[in-house]
Amino acid sequence: MIDFELSEEQQMIRDSVGAFAREKIRPAARPADESGAIPAALVSEAWQFGFVSGAIPEKFGGGGDTRSAVTGAIVAEELGFGDISIGLHVLAPRLFAFPIVEMGTDDQRAKYLKRFAGADFAAATAAVMEPRFDYDLSAQHVSAKRDGAGYVLNGGKCYVPLAAESDSMLIYATTDASKGYAGVDGFIVPRTTAGVTISEREKNMGLKALATYELTLKDCHVGADARLGGDKGIDFSRLMCESRVAFAAMGVGVMNAAFEYARDYAKERKAFGVPIATKQAIAFILADMAIEIDAARLLVWEAAYELDKGRDALKASYLAKNYVANSALKVTDNGVQVLGGHGYIREHPVEMWLRNARGFSAIEGIATV
Amino acid sequence: MIDFELEPQILSRLQMFHAVSEHMMRPISRDCDEHEHTKPTQFYESMWSASAAADIQVGNDRSKKADGGAAAAPRRANLMTVLSTEELCWGDAGLYLSTPNSGLGGAAVMAAGTPEQKERFLKRFKEGKPKWGAMAITEPSFGSDSSQVTTTATRDGDHWVINGTKIFCTAGEMAAEKSEGFVVVWATVDKSAGRPGIKPFVVEHNTAGMTVARVENKLGIRASDTAALIFDNCRIPLDALLGSAEVRKEGGFKDVMATFDATRPIVAAMAIGVGRAALDFVRDFLEQQDVAVRYGISPRRLTAVERDFMEMEVQLQAARLLTWRAAWMLDTGKRNSLEASMAKAKAGLAVTLITQKAVELLGPLGYSRKILVEKWMRDAKINDIFEGTQQINMIIIARRILNYSSKELN
Ligand SMILES: Cc1cc2nc3c(=O)[nH]c(=O)nc-3n(C[C@H](O)[C@H](O)[C@H](O)COP(=O)(O)OP(=O)(O)OC[C@H]3O[C@@H](n4cnc5c(N)ncnc54)[C@H](O)[C@@H]3O)c2cc1C
Ligand SMILES: Cc1cc2nc3c(=O)[nH]c(=O)nc-3n(C[C@H](O)[C@H](O)[C@H](O)COP(=O)(O)OP(=O)(O)OC[C@H]3O[C@@H](n4cnc5c(N)ncnc54)[C@H](O)[C@@H]3O)c2cc1C
Numbered sequence: 001m002i003d004f005e006l007s008e009e010q011q012m013i014r015d016s017v018g019a020f021a022r023e024k025i026r027p028a029a030r031p032a033d034e035s036g037a038i039p040a041a042l043v044s045e046a047w048q049f050g051f052v053s054g055a056i057p058e059k060f061g062g063g064g065d066t067r068s069a070v071t072g073a074i075v076a077e078e079l080g081f082g083d084i085s086i087g088l089h090v091l092a093p094r095l096f097a098f099p100i101v102e103m104g105t106d107d108q109r110a111k112y113l114k115r116f117a118g119a120d121f122a123a124a125t126a127a128v129m130e131p132r133f134d135y136d137l138s139a140q141h142v143s144a145k146r147d148g149a150g151y152v153l154n155g156g157k158c159y160v161p162l163a164a165e166s167d168s169m170l171i172y173a174t175t176d177a178s179k180g181y182a183g184v185d186g187f188i189v190p191r192t193t194a195g196v197t198i199s200e201r202e203k204n205m206g207l208k209a210l211a212t213y214e215l216t217l218k219d220c221h222v223g224a225d226a227r228l229g230g231d232k233g234i235d236f237s238r239l240m241c242e243s244r245v246a247f248a249a250m251g252v253g254v255m256n257a258a259f260e261y262a263r264d265y266a267k268e269r270k271a272f273g274v275p276i277a278t279k280q281a282i283a284f285i286l287a288d289m290a291i292e293i294d295a296a297r298l299l300v301w302e303a304a305y306e307l308d309k310g311r312d313a314l315k316a317s318y319l320a321k322n323y324v325a326n327s328a329l330k331v332t333d334n335g336v337q338v339l340g341g342h343g344y345i346r347e348h349p350v351e352m353w354l355r356n357a358r359g360f361s362a363i364e365g366i367a368t369v
Numbered sequence: 001m002i003d004f005e006l007e008p009q010i011l012s013r014l015q016m017f018h019a020v021s022e023h024m025m026r027p028i029s030r031d032c033d034e035h036e037h038t039k040p041t042q043f044y045e046s047m048w049s050a051s052a053a054a055d056i057q058v059g060n061d062r063s064k065k066a067d068g069g070a071a072a073a074p075r076r077a078n079l080m081t082v083l084s085t086e087e088l089c090w091g092d093a094g095l096y097l098s099t100p101n102s103g104l105g106g107a108a109v110m111a112a113g114t115p116e117q118k119e120r121f122l123k124r125f126k127e128g129k130p131k132w133g134a135m136a137i138t139e140p141s142f143g144s145d146s147s148q149v150t151t152t153a154t155r156d157g158d159h160w161v162i163n164g165t166k167i168f169c170t171a172g173e174m175a176a177e178k179s180e181g182f183v184v185v186w187a188t189v190d191k192s193a194g195r196p197g198i199k200p201f202v203v204e205h206n207t208a209g210m211t212v213a214r215v216e217n218k219l220g221i222r223a224s225d226t227a228a229l230i231f232d233n234c235r236i237p238l239d240a241l242l243g244s245a246e247v248r249k250e251g252g253f254k255d256v257m258a259t260f261d262a263t264r265p266i267v268a269a270m271a272i273g274v275g276r277a278a279l280d281f282v283r284d285f286l287e288q289q290d291v292a293v294r295y296g297i298s299p300r301r302l303t304a305v306e307r308d309f310m311e312m313e314v315q316l317q318a319a320r321l322l323t324w325r326a327a328w329m330l331d332t333g334k335r336n337s338l339e340a341s342m343a344k345a346k347a348g349l350a351v352t353l354i355t356q357k358a359v360e361l362l363g364p365l366g367y368s369r370k371i372l373v374e375k376w377m378r379d380a381k382i383n384d385i386f387e388g389t390q391q392i393n394m395i396i397i398a399r400r401i402l403n404y405s406s407k408e409l410n
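Line by line, the protein sequences are chains A and B. For the first sequence, position 126 (counting from the first letter as 1) is numbered 126 according to the numbering used here, and the numbering increases by one without interruption. For the second sequence, position 23 (counting from the first letter as 1) is numbered 23 according to the numbering used here, and the numbering increases by one without interruption.
Derived by calculation from the structure, the hints in this document are not laboratory data. Please note: incorrect hints may appear among the correct ones.
Straight-line Cα separation of at most 27 Å, DSS-like style, residue types lysine-lysine; simulated pairs [unchecked claim]:
no., chain 1, residue 1, chain 2, residue 2
1, A, Lys267, A, Lys279
2, B, Lys118, B, Lys334
3, B, Lys357, A, Lys315
4, A, Lys315, A, Lys179
5, B, Lys357, A, Lys330
6, A, Lys270, B, Lys407
7, A, Lys279, B, Lys407
8, B, Lys381, A, Lys330
9, B, Lys407, A, Lys267
10, A, Lys232, A, Lys114
11, B, Lys254, A, Lys279
12, A, Lys270, A, Lys330
If we take Cβ atoms under 10 Å as the criterion, some of the chain A residues that face chain B in the derived model are [unchecked claim]:
no., residue
13, Glu5
14, Leu6
15, Ser143
16, Thr278
17, Ala287
18, Glu292
Note that this is a predicted model, so its numbers are computed, not measured. The beta-carbon is built from N, C-alpha and C at its ideal position, and this holds for glycine as well.
Turn these sequences into a full structure, and let the hints steer you where they fit.
Take a look at the structure:
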C-alpha cells in the first residue's frame with residue numbers, strides 16, 4: 001500500500017544522523033578535502049552510531065539488526081549531506097562486512113565479522129572497479145581461475161577505498177566470463193597476500209578526503225575457503241544493486257547540501273538592490289533543484305524498497321543511480337552558478353560538491369546499504 | 001512505512017480502466033483527432049453508463065470528506081484518481097477530458113459549495129442522460145494571473161447578473177448548450193476588492209444571456225472542446241453563488257487555489273498517461289526491431305537509443321512518484337501545494353520531452369499520422385500549460401522553498 005512516511009525508527013535515525021552530519025561532519029568537510037585526511041576522532045564518533053556493527057549478527061557481538069535498504073538509503077543520504085568523502089570512509093567497512101553477513105559461509109562469518117562488532121573503527125574494503133573506459137560491472141576483467149584446491153587471481157582494480165589500511169579486502173573477479181553478473185565471485189584476500197600490490201593513493205578530482213587506491217593482482221593465490229559463499233558463490237548482481245542504491249542515496253544528500261547552501265545564499269545576496277532569490281532566473285533554478293532532489297530521492301527509495309522485498313532491483317537501481325549521476329551534476333553545478341564568482345572560490349563548499357558529484361557517473365561499488 | 005506497492009484491489013480496478021482505454025478510446029482516437037468537432041456520442045453514452053454500472057468514476061468527482069462507513073480503511077480517493085487518470089490518458093487524453101462528468105465545475109462545487117448546493121448541482125451526474133460540468137476562469141486578457149477577473153456579477157433583486165467573456169473553457173460547449181450540465185463562472189462582485197471579490201457562480205445550461213461564441217481549433221487533445229463563452233446580462237438565481245457572498249480575505253478565491261492542490265496531481269497524471277503510451281509504443285517497437293535495452297551495463301557502452309529510452313523511462317517514473325506522493329498527501333490530510341506543483345511541473349515538462357523524443361526515436365514512422373505517437377506529442381503539450389503553466393508552478397515551488405510571499409516573488 002503506497003506510503004511515503006518513514007517509520008518512527010527511520011525518522012529517529014534520520015534525525016540523529018542528520019544532526020551529526022550537519023554539526024560534526026560538515027565543518028570537517030573542507031579541511032578534509034584540502035588535506036586529504038579525515039580526523040580519526042570524527043571517524044570514531046561516527047562508528048558509535050553502529051552503521052557497520054549494528055548489522056553484525058548478535059552471536060558475533062553485533063547489534064543483530066535486520067538490514068533495510070530503505071533505512072540504509074536514509075542513512076547514506078544524511079552522511080552524503082554532511083560530506084560524501086567522509087561518509088564513504090565511515091561506511092567503507094560495510095563493503096567487506098555486509099556481503100559476508102548476507103552471503104558468506106558460516107566459517108567466513110565466524111572468522112571475519114567479530115572485528116566489526118568492537119568499539120573501534122575497523123577498516124576494511126572491497127575492490128570492484130577496474131581502470132577501463134568502458135568498465136562494466138558484469139564483465140570483470142580481473143579473473144579468478146581454479147588452481148588446485150584454491151584460486152589464482154590476476155588483473156587490476158581501482159577506486160578501492162581504504163585499501164592501504166584494511167587487513168582484508170573483498171575482491172570481485174570473474175570465474176565464468178560467459179555468465180555476466182552470475183559469473184562474478186567475491187574473494188576474501190588479506191592485504192599482505194603475495195601478488196597483491198597496492199598503489200600510491202589515487203589523486204582524483206573530487207572525493208579527495210577518501211583514500212582510494214589501485215590494486216594490482218599478479219598470480220595471487222588464495223584458498224578455496226576465500227571464495228565468498230563457498231561453493232554456492234554469491235548474488236553479485238544484488239550486491240551491485242545495493243551499491244547503486246547506497247551511492248545514489250549519498251548523491252541525493254550532496255544535491256540537498258548544494259540546494260540548501262545556494263538557497264540561503266540567494267536570500268542574503270543582493271544585486272541591483274534586491275536579494276537575487278527574488279529574481280525568477282535564480283528562483284527557478286532553486287525550484288528545479290528542489291524538484292530534482294525529491295524526484296531522485298523517491299527513485300532511490302523505490303529501488304531500495306525492491307531490495308527489501310527481496311526482488312531483482314537491477315533496473316530500478318540502475319536507472320535511479322544514473323538519474324542521480326545526471327541530476328547531482330546539474331544540481332551542484334547550479335549551486336556554483338547561484339553563487340556566481342563566489343561559487344568558484346574554495347571559501348564556499350559548492351565547488352567541492354560539484355567536483356564530488358562528477359564522480360557518480362564514473363564510479364561504482366564503493367558504498368553499500 | 002515507506003511502501004511502493006499497489007494493493008490487488010487497486011490493480012484490478014486499474015485493469016478495468018485499462019480495458020476502457022484499450023477498447024473504447026484507442027479505436028476512435030485518430031478519428032476524433034482528424035475530425036476535431038465531431039462528437040463521439042456512442043463513446044459518451046458508453047462511458048456514462050459504464051460509470052453508473054461499474055462505478056467507474058472518471059474525472060474529478062471525488063468527495064473531499066471521508067465517508068463515515070469506510071472510516072477504518074485508509075483514504076485512497078486521490079491516489080485512485082491519479083492512477084485511473086494515468087490509465088485513461090494512456091488511452092486518449094482528449095477523450096478523457098471529453099468524458100461526460102462534472103469535471104472541473106464539479107471540483108469547484110465540491111470545494112466551495114454548501115452541502116445543499118452539492119446535492120442540488122451534482123445529483124444529475126448520477127442519473128439520466130450524459131452531462132458535463134465545466135469551469136470558466138480564463139478571459140481573453142489574462143490566463144495565469146487569475147486575480148485579473150473582469151467578468152462581473154451584479155446583484156439585481158433576486159438575481160445575480162453576469163457580464164463578461166470567458167475563453168478556453170474545457171467542455172464548455174457540452175456543459176453550456178449540449179447537455180443538462182452547468183458552467184462554474186468566476187466573476188467579481190466588487191472590483192475594488194481584488195482577489196477576495198472573485199466568486200464562483202453556477203450557470204445552468206441554456207441560461208438566457210450565456211452563449212458559446214466559439215470552439216477553438218487546437219494543436220492536440222482535439223476530442224475535448226475548448227469553448228469561448230459570452231455572458232451578456234446573464235441572470236441567475238442568488239443561490240447559484242457557491243458559498244458566501246461576503247467579501248473577506250478567506251474563502252472565495254482561496255477556494256480556487258485549494259482546488260488546484262487536488263487537480264494539479266491529476267493533470268500530472270494525465271501527462272504521465274500520455275507519456276506511458278509513447279514509452280510503451282517505443283518499447284514494443286524496439287523489441288520488434290530486435291533492439292535490446294541493456295540495463296546494468298557500462299553507461300559508456302550504451303547506444304544513443306538505449307540512453308534515450310532509459311532517460312524517458314526514468315523521467316516518467318520520477319514524475320509518477322512525485323504525483324503519487326502529492327495524491328497520497330491529500331489522502332492523508334497533509335497540505336500539498338508544494339508537492340502538487342512539483343508533480344505538475346515535473347510531469348508537464350518531462351512528458352513534453354518524452355513524447356517529442358518518441359517521435360524522434362521512431363524515425364519516419366514517428367512523424368507519420370499512421371500511428372498515434374505524433375498525436376501524443378501534440379496532446380502532451382497541454383499538460384505543461386493548463387492548471388498552471390510550467391512557469392507558474394515553478395513560482396509556487398520557489399515561493400514555498402524560499403518562504404516568499406507573492407509580493408516578494410512574482
Ligand atoms: C576567477 C575569477 C576571476 C575574476 N576576475 C576579475 C577581474 O579580473 N576583475 C574584476 O573586476 N572582477 C573579476 N571577477 C569577478 C566576476 O566578474 C564576478 O564574479 C561576476 O561578475 C559575478 O559577480 P558576483 O560573483 O558578485 O555574483 P553576483 O552578482 O552576486 O551574482 C550571483 C548570482 O546571481 C545572478 N544574478 C545577479 N544579478 C541578477 C539579476 N539581476 N537577475 C538574475 N540573476 C542575477 C548571477 O547570474 C549569479 O548567478 C573574477 C571572478 C572570478 C571567479
Ligand atoms: C486546451 C485548454 C483548455 C483549458 N481549459 C480551461 C478551463 O477549463 N477553464 C479555464 O478557466 N481555463 C482553461 N484553460 C486556460 C489555461 O488555464 C490558461 O491557458 C493558462 O492558465 C495560461 O494562461 P494564458 O494562456 O493566458 O497564458 P499567459 O498567462 O498569458 O502566459 C503566457 C506565458 O507567460 C508565462 N507567464 C505568465 N505569468 C508569468 C510570471 N509571473 N512569471 C513567469 N512567466 C509567466 C506563462 O507561463 C506562459 O508561458 C485552458 C487552456 C487550454 C489551452
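Evaluated hints:
| no. | hint | result |
| --- | --- | --- |
| 1 | Lys267/A <-> Lys279/A | holds, 10 Å |
| 2 | Lys118/B <-> Lys334/B | holds, 24 Å |
| 3 | Lys357/B <-> Lys315/A | holds, 21 Å |
| 4 | Lys315/A <-> Lys179/A | holds, 18 Å |
| 5 | Lys357/B <-> Lys330/A | holds, 21 Å |
| 6 | Lys270/A <-> Lys407/B | holds, 17 Å |
| 7 | Lys279/A <-> Lys407/B | holds, 12 Å |
| 8 | Lys381/B <-> Lys330/A | holds, 24 Å |
| 9 | Lys407/B <-> Lys267/A | holds, 15 Å |
| 10 | Lys232/A <-> Lys114/A | holds, 23 Å |
| 11 | Lys254/B <-> Lys279/A | holds, 25 Å |
| 12 | Lys270/A <-> Lys330/A | holds, 24 Å |
| 13 | Glu5 | holds, 7 Å |
| 14 | Leu6 | holds, 6 Å |
| 15 | Ser143 | violated, 18 Å |
| 16 | Thr278 | holds, 6 Å |
| 17 | Ala287 | holds, 4 Å |
| 18 | Glu292 | holds, 8 Å |
Figure legend: structure checked against the earlier numbered hints; the only hint not met is number 15.
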